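Visitor: The lines below spell out each chain.
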Amino acid sequence: MPEPEAPAADGVVVEINGREVVARKGELLIDAAERAGTYIPRFCYHERMRPVGMCRMCLVEVDTGRGPALQPSCMIECSPGMKVDTESEVTKKAQDGVLEFLLINHPLDCPVCDKGGECPLQDQTMAYGPGESRFVEEKRHKEKPIPISDLVLLDRERCILCDRCTRFAKEVAGDPLIHFIHRGNDTEVNTFPDEPFASYFSGNTVQICPVGALTASTYRFKARPWDLETTESTCQQCSVGCRISIDSSRDQVQRYAGVDIDPVNWGWLCDKGRFSHESVTAEARLGEPLVRQGDELVPTRWADALGRAADALRGASSPEAIGVIGGARLTNEDAYAWAKLAKGVLGTDNVDAQLGDGLPAEVVLGLPRATIDQVCEPGGTVVLLGPDVKEELPVLFLRLRHAVVSDGVTLVEVSPRTTGLTGLAAASLQPRPGEAGELVRALVAGSDAERDVAGLPAEAVNAARRLLAGSRGPLTVVLGRPSVAESATAVVDAATALLAARPDTTFLPALRRANVHGALDMGLAPGLLPGRVGLDEGRDCFAGSWPSVPASRGLDTEGILRAAADGHIDVLVLLGADPLADFPDHDLAERALAGARAVIAVETLPNASTRRADVVLAAAGFAEKAGTTTNLEGRVSSLSQRVTPPGTARADWMLAAELAARLGADLGVLDAEEILAEIGRVAPSHLGLDLAVVAGSPDGVLVPLGQPEAGPSSSGDAPEGQRGAAADAAAVRSDAADDTTTEEAEAAAAAAAEGAATAEAQAGAADGAAAGGDDAVPDEPLSAPRPELVAFVAGAPGSAPPLDAYAFRLVATRKLYDQGTTVQASAHLAGLAPGTAARVHPADADRLGVSAGERVVLRSARMSITVPVELDPGVPRGAVALVTNQRDVRVGDLIAVDGPVTELRIETAS
Amino acid sequence: MARLSPDNVTLALEIIGRYPRPKSALIPLLHLAQEQDGHLTDDAMAHIAELVGVTPAEVLGTASFYEMFKMEPVGRYVVNICTNIACQLLGGEELLEHAEHRLGVRPGQTTPDGLFTVEDVECIAACTEAPCLQVNYRYFHRITHDEFDQLVDDLAAGRRDDIPPHGTLARVRQHIPPERRAGCVLPEDTATPVWIASASTEEAEA
Numbered sequence: 046m047p048e049p050e051a052p053a054a055d056g057v058v059v060e061i062n063g064r065e066v067v068a069r070k071g072e073l074l075i076d077a078a079e080r081a082g083t084y085i086p087r088f089c090y091h092e093r094m095r096p097v098g099m100c101r102m103c104l105v106e107v108d109t110g111r112g113p114a115l116q117p118s119c120m121i122e123c124s125p126g127m128k129v130d131t132e133s134e135v136t137k138k139a140q141d142g143v144l145e146f147l148l149i150n151h152p153l154d155c156p157v158c159d160k161g162g163e164c165p166l167q168d169q170t171m172a173y174g175p176g177e178s179r180f181v182e183e184k185r186h187k188e189k190p191i192p193i194s195d196l197v198l199l200d201r202e203r204c205i206l207c208d209r210c211t212r213f214a215k216e217v218a219g220d221p222l223i224h225f226i227h228r229g230n231d232t233e234v235n236t237f238p239d240e241p242f243a244s245y246f247s248g249n250t251v252q253i254c255p256v257g258a259l260t261a262s263t264y265r266f267k268a269r270p271w272d273l274e275t276t277e278s279t280c281q282q283c284s285v286g287c288r289i290s291i292d293s294s295r296d297q298v299q300r301y302a303g304v305d306i307d308p309v310n311w312g313w314l315c316d317k318g319r320f321s322h323e324s325v326t327a328e329a330r331l332g333e334p335l336v337r338q339g340d341e342l343v344p345t346r347w348a349d350a351l352g353r354a355a356d357a358l359r360g361a362s363s364p365e366a367i368g369v370i371g372g373a374r375l376t377n378e379d380a381y382a383w384a385k386l387a388k389g390v391l392g393t394d395n396v397d398a399q400l401g402d403g404l405p406a407e408v409v410l411g412l413p414r415a416t417i418d419q420v421c422e423p424g425g426t427v428v429l430l431g432p433d434v435k436e437e438l439p440v441l442f443l444r445l446r447h448a449v450v451s452d453g454v455t456l457v458e459v460s461p462r463t464t465g466l467t468g469l470a471a472a473s474l475q476p477r478p479g480e481a482g483e484l485v486r487a488l489v490a491g492s493d494a495e496r497d498v499a500g501l502p503a504e505a506v507n508a509a510r511r512l513l514a515g516s517r518g519p520l521t522v523v524l525g526r527p528s529v530a531e532s533a534t535a536v537v538d539a540a541t542a543l544l545a546a547r548p549d550t551t552f553l554p555a556l557r558r559a560n561v562h563g564a565l566d567m568g569l570a571p572g573l574l575p576g577r578v579g580l581d582e583g584r585d586c587f588a589g590s591w592p593s594v595p596a597s598r599g600l601d602t603e604g605i606l607r608a609a610a611d612g613h614i615d616v617l618v619l620l621g622a623d624p625l626a627d628f629p630d631h632d633l634a635e636r637a638l639a640g641a642r643a644v645i646a647v648e649t650l651p652n653a654s655t656r657r658a659d660v661v662l663a664a665a666g667f668a669e670k671a672g673t674t675t676n677l678e679g680r681v682s683s684l685s686q687r688v689t690p691p692g693t694a695r696a697d698w699m700l701a702a703e704l705a706a707r708l709g710a711d712l713g714v715l716d717a718e719e720i721l722a723e724i725g726r727v728a729p730s731h732l733g734l735d736l737a738v739v740a741g742s743p744d745g746v747l748v749p750l751g752q753p754e755a756g757p758s759s760s761g762d763a764p765e766g767q768r769g770a771a772a773d774a775a776a777v778r779s780d781a782a783d784d785t786t787t788e789e790a791e792a793a794a795a796a797a798a799e800g801a802a803t804a805e806a807q808a809g810a811a812d813g814a815a816a817g818g819d820d821a822v823p824d825e826p827l828s829a830p831r832p833e834l835v836a837f838v839a840g841a842p843g844s845a846p847p848l849d850a851y852a853f854r855l856v857a858t859r860k861l862y863d864q865g866t867t868v869q870a871s872a873h874l875a876g877l878a879p880g881t882a883a884r885v886h887p888a889d890a891d892r893l894g895v896s897a898g899e900r901v902v903l904r905s906a907r908m909s910i911t912v913p914v915e916l917d918p919g920v921p922r923g924a925v926a927l928v929t930n931q932r933d934v935r936v937g938d939l940i941a942v943d944g945p946v947t948e949l950r951i952e953t954a955s
Numbered sequence: 007m008a009r010l011s012p013d014n015v016t017l018a019l020e021i022i023g024r025y026p027r028p029k030s031a032l033i034p035l036l037h038l039a040q041e042q043d044g045h046l047t048d049d050a051m052a053h054i055a056e057l058v059g060v061t062p063a064e065v066l067g068t069a070s071f072y073e074m075f076k077m078e079p080v081g082r083y084v085v086n087i088c089t090n091i092a093c094q095l096l097g098g099e100e101l102l103e104h105a106e107h108r109l110g111v112r113p114g115q116t117t118p119d120g121l122f123t124v125e126d127v128e129c130i131a132a133c134t135e136a137p138c139l140q141v142n143y144r145y146f147h148r149i150t151h152d153e154f155d156q157l158v159d160d161l162a163a164g165r166r167d168d169i170p171p172h173g174t175l176a177r178v179r180q181h182i183p184p185e186r187r188a189g190c191v192l193p194e195d196t197a198t199p200v201w202i203a204s205a206s207t208e209e210a211e212a
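Heads up: the sequence lines are chains A and B, in that order.
The first sequence begins at 46 in my numbering and counts up by one.
The second sequence begins at 7 in my numbering and counts up by one.
Think of the hints as simulated: they come from the structure by calculation, not from any bench.
For clarity, every value in this text was computed on a predicted model and none was experimentally measured.
For every residue, glycine included, the Cβ atom is placed at its ideal position computed from N, Cα and C.
A couple of the hints might just be wrong.
Said to hold, decoys possible - SDA-like, lysine to any residue: derived pairs with alpha carbons at most 20 Å apart:
1) LYS187/A / MET77/B
2) LYS29/B / LEU198/A
3) LYS215/A / PRO28/B
Unchecked claim - Quick list of simulated restraints, FRET-style, between CB atoms:
4) GLU132/A / TRP201/B: 38 to 48 Å
5) GLU194/B / GLY98/A: 22 to 32 Å
6) LYS189/A / ARG27/B: 32 to 42 Å
7) GLU132/A / GLU103/B: 53 to 63 Å
8) VAL200/B / GLY110/A: 26 to 36 Å
9) ARG148/B / SER451/A: 51 to 61 Å
10) ARG179/B / THR232/A: 11 to 21 Å
11) GLU122/A / VAL200/B: 21 to 31 Å
12) ARG179/B / GLY110/A: 52 to 62 Å
13) ARG27/B / PRO113/A: 40 to 50 Å
All chains should be built: construct the whole structure from the sequences, respecting the hints.
Guide: Below, the structure is given as structure tokens:
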């Protein structure tokens, strides 16, 4: 993406190869030169990390008035009057010499090296290096390659000691588990013996390694770069929405790599995202529809499977006897098509994309939304009121870590146990489970608390309170569900208190599933229609394009499952949902699947719930279909097709359209692009969105689009500019609908979309927007006034449940790697799921007389399970922490969703 | 393989207390570990990492830079024989050869009884006393072959209690009672020296 030109006023004028270039104040010479079109070769320099000047490849001749001298351009800032020559004889000699030195001990095994063909050392040797070496002695030999983790292999012979991987590990990821050792003549990168590079971000070192020293075990010897076909897309392993490139060869996905976009991932990925490509090609993928025959699911023809599904739907006793659960795996287009089928054709509002482990849709959509950039704004204060970001939204963790370490952001953490961010937080409070609301009310109160709050000493609470009260700059909240063993009430209560005390607070919802935010935007939630509107408010918008709109609000997942368990649900549709594994209350999910008359699963991979289904429709998954996705900020970005789906699997929207056709309705769509255009025509928060707008914004488009006034205190200029421009695009589009000169309108729309992209790039947004909007009438694009979008409904202050001196409260959290289907379908990730133990505070263990490793029985009102104990001072007194969805331990057995918290007794196993 | 003993942990915590940041105590703690075991064990390095709040890889990265921290077991007595120019002219190489024959090991190796490790070293800064050697970094000047044999016999027989086992830097341990310590202040908490303060204001003005 082109960086904006610095205004001459506070710019620094330097001369590069005889041409005057305006650099920003403090800008490094290597960056200024690149921006001006002069690429200076480099190995160690990486624009997202601190420069170290290790490799000397970027030496150029610099004259600051004392005569020209060679200087590393990654280590010097531009100063006025600096004269730089990147092509002089002296510079060339230096580059040649540095490369000759680097190649002395570098093995020339390029033909068998994974990096060969895309290797900066290879490329730069060709461009700047000597034709041959004068080194005739024996090169250094080392064992190759050695695994430094389950995912990364290290070939020390190839390493040129650029410090990129070690710098990444220390500065960016905060996991300095690899280091230079034996520094001197035998310097090498390595881990401590028996202490592998077990970082959630280790794959990034493979991507930034400028030679083939670090290779990924998933990609080793799989393909050569010149055989790869590449498409840019958006990662779907969590809701952060990192931009990635998908590389395929022979119609098989081979790897993902991070793409650097400024508002989201900065080029980084987590290992789960990066190495989940194996789940696309997994053998277990469903390539054909299945139907139940007795106890078995057997493959069948599509006509048969779709016919049976349609029959089941047609046979439902009433629309309310149909329930649809799931949707986070879907693209926005898929989600819209399914919402249209369920709500418009079938007429049921029993639809929910969340599995009882998130937050109410009105809370997510109604709260003033923050972007990641706003959360990470220098000098700001962030309240973490949600899950462990490192485990559930890893790249957001990297952004927050950078914000704290480099940009002076203050974190105040309220979580039921310590998290990956606890060490970085200015204050970290672990309230008793279920009492977060009470704690947050004390934190935003006008005066100090006098007694203990939520099991925490008053001093600790007051210190955090004063921190918040004294915070300058914006207050943002990362809001999610910290533990599925307690209801969402406490979190909603806490958000209400924060918003009441600081009305300018903005929220970043931390629901973890891939496109759950897109699914909610597309109306896959009870009481909502696509475009963030309620049933009644949006009824008119959809009157024209939908056969009908449900009359009254339906049930959420918990309600649907209860109804199913009671025999009131005839057809349960699972849209990429596995309630048996993911719904907090396992017993209820079990009874619901047994109680539903028919279960239709739409899935890419078999899971516990699909095995119980009557019809399984094989869906095309990630990288197998085009569309758009929406991340936790509300950023809509593109998903691309790179390979063909396995067997005859089809996109989810197609299945919705097929089912609709069999039910005598027409969804009126022929491809994903048409669906997106329809969304842009009817969904109130997405008005004006179409493929041109998405394609024209490499960083994605923030919704809601074209708001009459921008959201409260949105301090980032760029998103606003983007919004404005996209609204203009909307204007052009709707004009096109009225006018007949489509071509002209197309061109104008494209220009407006381009305007959106430029506006996003330029801080002064007005120009960019105007460029596209000149000919259009920007301010009255829509025929009907837009309905009110969903508003946040304040939660009633919940009262903490009474304490029971003998009971422990359960904290159920997640780990990045678990028994989830994509992790388990990725061969190299499956084994990384750590398992779980009952973590209790050492003082509680003392009181109970149990020691670490001892097996105990956890008994809830529901059931009991036996697990080993681990001592963990990060768990509050009176609580037991377990990790959900791990091998051998089914935490869901303990949880009953009807109470605010889950209480347990701990008994020593006899 | 041993972590630090309880006594040494007490000592380690006192050493850590002398520095504004725990990490700064890394090198002294490595000396302590080497004194305890004769060389640096992986367990001791991992233990030090816990004590000062860094990763074991960072401890290894620092420790392995220094030649005098031994990552592998060495003899009770490490004999460094200088073969640099002054010693070489006065018989250093012959002394090394004699040592090799006397102890039956090559430079870098340890005798089977675990008593002696011989090292061929560069200048140890006692050129006026060449040929010279060190045993556990204690000097022996103008050494003849007979004197070397005598030294080895004495050490083997335990007659030289002036030379402690390898790893011991000094047998007088620094101990400052808490009330007499000057205390330590983080660099960012100290006042900026006048000369830096004035330089930075000048820069700001310019």
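Visitor: Confirm or reject each hint.
Guide: Going down the list of hints, with the structure as the test:
no.: 1; hint: LYS187/A / MET77/B; in the structure: 19 Å, holds
no.: 2; hint: LYS29/B / LEU198/A; in the structure: 30 Å, violated
no.: 3; hint: LYS215/A / PRO28/B; in the structure: 18 Å, holds
no.: 4; hint: GLU132/A / TRP201/B: 38 to 48 Å; in the structure: 42 Å, holds
no.: 5; hint: GLU194/B / GLY98/A: 22 to 32 Å; in the structure: 25 Å, holds
no.: 6; hint: LYS189/A / ARG27/B: 32 to 42 Å; in the structure: 38 Å, holds
no.: 7; hint: GLU132/A / GLU103/B: 53 to 63 Å; in the structure: 57 Å, holds
no.: 8; hint: VAL200/B / GLY110/A: 26 to 36 Å; in the structure: 30 Å, holds
no.: 9; hint: ARG148/B / SER451/A: 51 to 61 Å; in the structure: 59 Å, holds
no.: 10; hint: ARG179/B / THR232/A: 11 to 21 Å; in the structure: 34 Å, violated
no.: 11; hint: GLU122/A / VAL200/B: 21 to 31 Å; in the structure: 27 Å, holds
no.: 12; hint: ARG179/B / GLY110/A: 52 to 62 Å; in the structure: 56 Å, holds
no.: 13; hint: ARG27/B / PRO113/A: 40 to 50 Å; in the structure: 42 Å, holds
Comparing the model with each numbered hint stated earlier shows that hints 2 and 10 do not hold.
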